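Participant: Spelled out from the first residue to the last, the chains are:
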Amino acid sequence: MKKIALAGLTLSLLIFSGCSQKNPEIDMDKSGSTTVSTADQKVSDISGVDANTMHSQNMQNAQNAIESMIANLESKTAKVFFDFDKYVVREDMQPVVATNAQIFNSTDAQAFSIKVEGNSDEWGTDEYNYALGLKRAKSVKDSLVAQGVAGERIMMVSYGESNPTCKESNKTCWAQNRRAEFKLLP
Amino acid sequence: MIKKFIMLFVLTCSLVAYDSTVEIVKRMDRLPKIIFQDASSENMQQGFLQKFHKIIAGDLRVSSHFLVDDTYFKSSFDGNLQENFMSETKSDLILRYQLSFQEDENILAKIKLINAKNGQTDFYKIYQISDTQRYPFLAHKIAVDINAYIGAPDIKWMEQFVIFAKYTDAKQSEIVISDYTLSFQKTVLKGGLNIFPKWANKNQDAFYYTSYNGAKPTLFKVYLSSGKRERVYASDGMIVCSDVSKDGNKLLVTMAPQGQTDIFLYDLTSKKMQKLTQYQGIDVGANFIDDDSRIVFVSDRLGYPNIFAKTIGDSSLEQMVYHGKNNNSLSAIENYIVYSSREKESEFGSGTFNLYLISTQTDFIRQLTASGVNLYPRFADDKETILYIKYLKDQSALGVIRLNANKSYHFPLKVGKIQSIDW
Numbered sequence: 093m094k095k096i097a098l099a100g101l102t103l104s105l106l107i108f109s110g111c112s113q114k115n116p117e118i119d120m121d122k123s124g125s126t127t128v129s130t131a132d133q134k135v136s137d138i139s140g141v142d143a144n145t146m147h148s149q150n151m152q153n154a155q156n157a158i159e160s161m162i163a164n165l166e167s168k169t170a171k172v173f174f175d176f177d178k179y180v181v182r183e184d185m186q187p188v189v190a191t192n193a194q195i196f197n198s199t200d201a202q203a204f205s206i207k208v209e210g211n212s213d214e215w216g217t218d219e220y221n222y223a224l225g226l227k228r229a230k231s232v233k234d235s236l237v238a239q240g241v242a243g244e245r246i247m248m249v250s251y252g253e254s255n256p257t258c259k260e261s262n263k264t265c266w267a268q269n270r271r272a273e274f275k276l277l278p
Numbered sequence: 002m003i004k005k006f007i008m009l010f011v012l013t014c015s016l017v018a019y020d021s022t023v024e025i026v027k028r029m030d031r032l033p034k035i036i037f038q039d040a041s042s043e044n045m046q047q048g049f050l051q052k053f054h055k056i057i058a059g060d061l062r063v064s065s066h067f068l069v070d071d072t073y074f075k076s077s078f079d080g081n082l083q084e085n086f087m088s089e090t091k092s093d094l095i096l097r098y099q100l101s102f103q104e105d106e107n108i109l110a111k112i113k114l115i116n117a118k119n120g121q122t123d124f125y126k127i128y129q130i131s132d133t134q135r136y137p138f139l140a141h142k143i144a145v146d147i148n149a150y151i152g153a154p155d156i157k158w159m160e161q162f163v164i165f166a167k168y169t170d171a172k173q174s175e176i177v178i179s180d181y182t183l184s185f186q187k188t189v190l191k192g193g194l195n196i197f198p199k200w201a202n203k204n205q206d207a208f209y210y211t212s213y214n215g216a217k218p219t220l221f222k223v224y225l226s227s228g229k230r231e232r233v234y235a236s237d238g239m240i241v242c243s244d245v246s247k248d249g250n251k252l253l254v255t256m257a258p259q260g261q262t263d264i265f266l267y268d269l270t271s272k273k274m275q276k277l278t279q280y281q282g283i284d285v286g287a288n289f290i291d292d293d294s295r296i297v298f299v300s301d302r303l304g305y306p307n308i309f310a311k312t313i314g315d316s317s318l319e320q321m322v323y324h325g326k327n328n329n330s331l332s333a334i335e336n337y338i339v340y341s342s343r344e345k346e347s348e349f350g351s352g353t354f355n356l357y358l359i360s361t362q363t364d365f366i367r368q369l370t371a372s373g374v375n376l377y378p379r380f381a382d383d384k385e386t387i388l389y390i391k392y393l394k395d396q397s398a399l400g401v402i403r404l405n406a407n408k409s410y411h412f413p414l415k416v417g418k419i420q421s422i423d424w
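Quick mapping for you: the protein sequence lines, in order, are chains A and B.
Throughout the first sequence, residue numbering follows my numbering, covering 93 to 278 in sequence.
Throughout the second sequence, residue numbering follows my numbering, covering 2 to 424 in sequence.
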């Protein structure tokens with residue numbers, strides 16, 4: 093499953109030809125030239141894996157069952173929301189974390205790793221915003237561990253402001269985007 | 002006559018250049034007035050000629066070293082009595098250019114700088130550019146040369162490539178190379194979430210960026226001429242290349258292997274990663290200062306993001322800014338630091354982020370923007386020009402601040418939202 097996902101993600105990466113030279117193209121002797129980048133081809137070479145031929149029908153069926161189980165479990169989890177510029181889990185969010193911990197500790201979910209994705213609102217676009225998202229993920233991870241979820245099952249990532257669930261520019265929307273959410277990984 | 006006011010202008014510039022944190026209210030008596038004459042063939046596309054005129058006029062205006070008359074004049078290239086003086090415009094200089102398309106899509110540009118007081122050609126040059134799409138760089142190159150000819154302070158920063166990431170959708174972004182006006186744009190990387198591009202060296206022939214398309218956020222280096230991509234380092238949580246040393250051999254990296262964002266120094270030669278800060282909160286955005294012996298960075302160790310500095314290898318910290326309660330991004334060059342500061346603690350206030358300039362050598366603080374959302378400042382090599390992102394309602398724009406002239410200019414991005422920039 094991971095391999096398929098990675099292959100797909102790698103295949104989706106396209107590097108186009110770059111701007112190889114700047115000054116040589118503006119010159120007096122008319123000798124300037126553009127070096128054509130071969131990045132497209134090279135990245136294609138790196139990702140030259142045909143994921144479709146790697147798996148039998150049986151494996152496909154098993155994967156479908158796993159994906160279905162993950163989707164079902166993920167749909168039961170709830171997002172954890174944060175105050176503006178804060179990364180402490182609010183008191184009203186503690187029951188949400190507790191419920192999520194129960195789901196992650198359930199028999200169906202025990203085999204899966206948990207990815208906590210931290211997110212921030214659109215206010216600020218740089219490293220601090222990504223760090224804020226990560227601190228939110230860390231706070232949630234610590235709370236989950238305190239609720240009995242094994243720490244080694246949990247990985248964290250910050251998407252900063254890059255993954256808004258609401259794209260309007262107002263108070264309600266920003267509050268919805270300051271969140272941590274969960275993905276299960278086989 | 003022209004020489005006299007040019008000398009006065011240069012002298013004035015040199016007198017005020019010693020401290021950029023001191024705001025210059027009146028800095029020069031008179032700028033040379035320049036007009037433009039297009040001597041290109043009528044067969045050339047008028048739309049293209051208009052765009053070229055707009056860019057070169059804009060360049061000289063942004064230089065802040067000319068009084069620019071935007072009027073679009075047509076002329077012959079050889080000129081005549083009327084064309085060489087243009088006395089009704091009361092101009093000092095005439096920039097006459099003739100553009101023509103050559104075979105293989107080359108553009109040939111012949112230019113003359115004419116002293117409008119005596120009708121004599123002071124400066125003549127021929128340029129060629131091999132890719133029509135890069136005509137903005139042709140205009141920038143001409144502007145740099147004209148500016149140098151009159152002896153004004155260097156504006157070579159106009160020739161630098163800007164690299165930026167822009168969001169196109171949720172968890173989707175592209176990395177784009179452009180000129181400083183965004184007139185030229187070339188997407189060099191797309192597919193998935195690829196952010197925080199950073200030039201790898203002054204030659205701008207390679208760049209670092211963070212990819213979110215694998216199991217862990219991963220720092221890659223891409224060589225533009227070959228398209229070769231190298232994995233540099235990966236970390237759980239996040240990884241960003243914040244700055245590159247002058248020699249290009251060391252990186253300041255924000256990383257969070259245990260979920261805590263700290264600042265690390267990565268030696269590209271020895272492949273060793275050295276942890277420079279250790280704090281349970283947020284440390285991010287480090288820049289080299291003082292000949293790469295110290296770093297300045299953003300930390301929330303006071304309970305809000307603020308600017309701190311430390312010597313590499315020393316554990317003690319120095320608070321650099323005593324103003325504002327949310328100073329969350331910065332750029333540094335030698336002794337100068339520019340940072341963005343949220344003016345109100347609530348996100349609901351208007352006029353939220355402004356840019357400020359400080360010096361490590363003085364206590365002065367200079368406000369650079371007055372309103373709006375102004376973030377992600379980046380110094381040019383000349384220390385007098387700052388590029389930054391300005392967020393408008395549904396758009397973002399590149400902003401350029403010319404410190405000595407106390408002026409700023411905006412170049413809007415029509416599609417997408419800029420995530421980060423470097424130049």
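Simulated from the structure, these hints should not be mistaken for lab results.
Any given hint could turn out to be false.
[As the list claims (entries may be wrong)] Output of the computed footprint for chain B on chain A, the stretches with three or more beta carbons under 8 Å from beta carbons of chain B:
1) 187-200
2) 218-224
3) 244-251
[What the hints assert, rightly or not] Pulled from the structure, derived: some chain B residues nowhere near chain A, Cβ distances all over 12 Å:
4) Q99
5) K118
6) P154
7) Y168
8) I196
9) D248
10) G249
11) K251
12) Q259
13) D268
14) Q281
15) Y323
16) L331
17) S341
18) T361
Predicted, not measured: the structure shown is a model, and the values here were computed from it.
Beta carbons: idealized from backbone N, C-alpha and C, even for Gly.
Participant: Hint by hint, note whether the structure agrees.
Facilitator: Hints, verified against the model:
no.	hint	result
1	187-200	violated (count 0)
2	218-224	holds (count 7)
3	244-251	holds (count 5)
4	Q99	16 Å, holds
5	K118	28 Å, holds
6	P154	20 Å, holds
7	Y168	6 Å, violated
8	I196	7 Å, violated
9	D248	21 Å, holds
10	G249	17 Å, holds
11	K251	18 Å, holds
12	Q259	9 Å, violated
13	D268	21 Å, holds
14	Q281	10 Å, violated
15	Y323	19 Å, holds
16	L331	9 Å, violated
17	S341	8 Å, violated
18	T361	21 Å, holds
In summary, the structure is inconsistent with hints 1, 7, 8, 12, 14, 16, 17 from the numbered list given earlier, while agreeing with the others.
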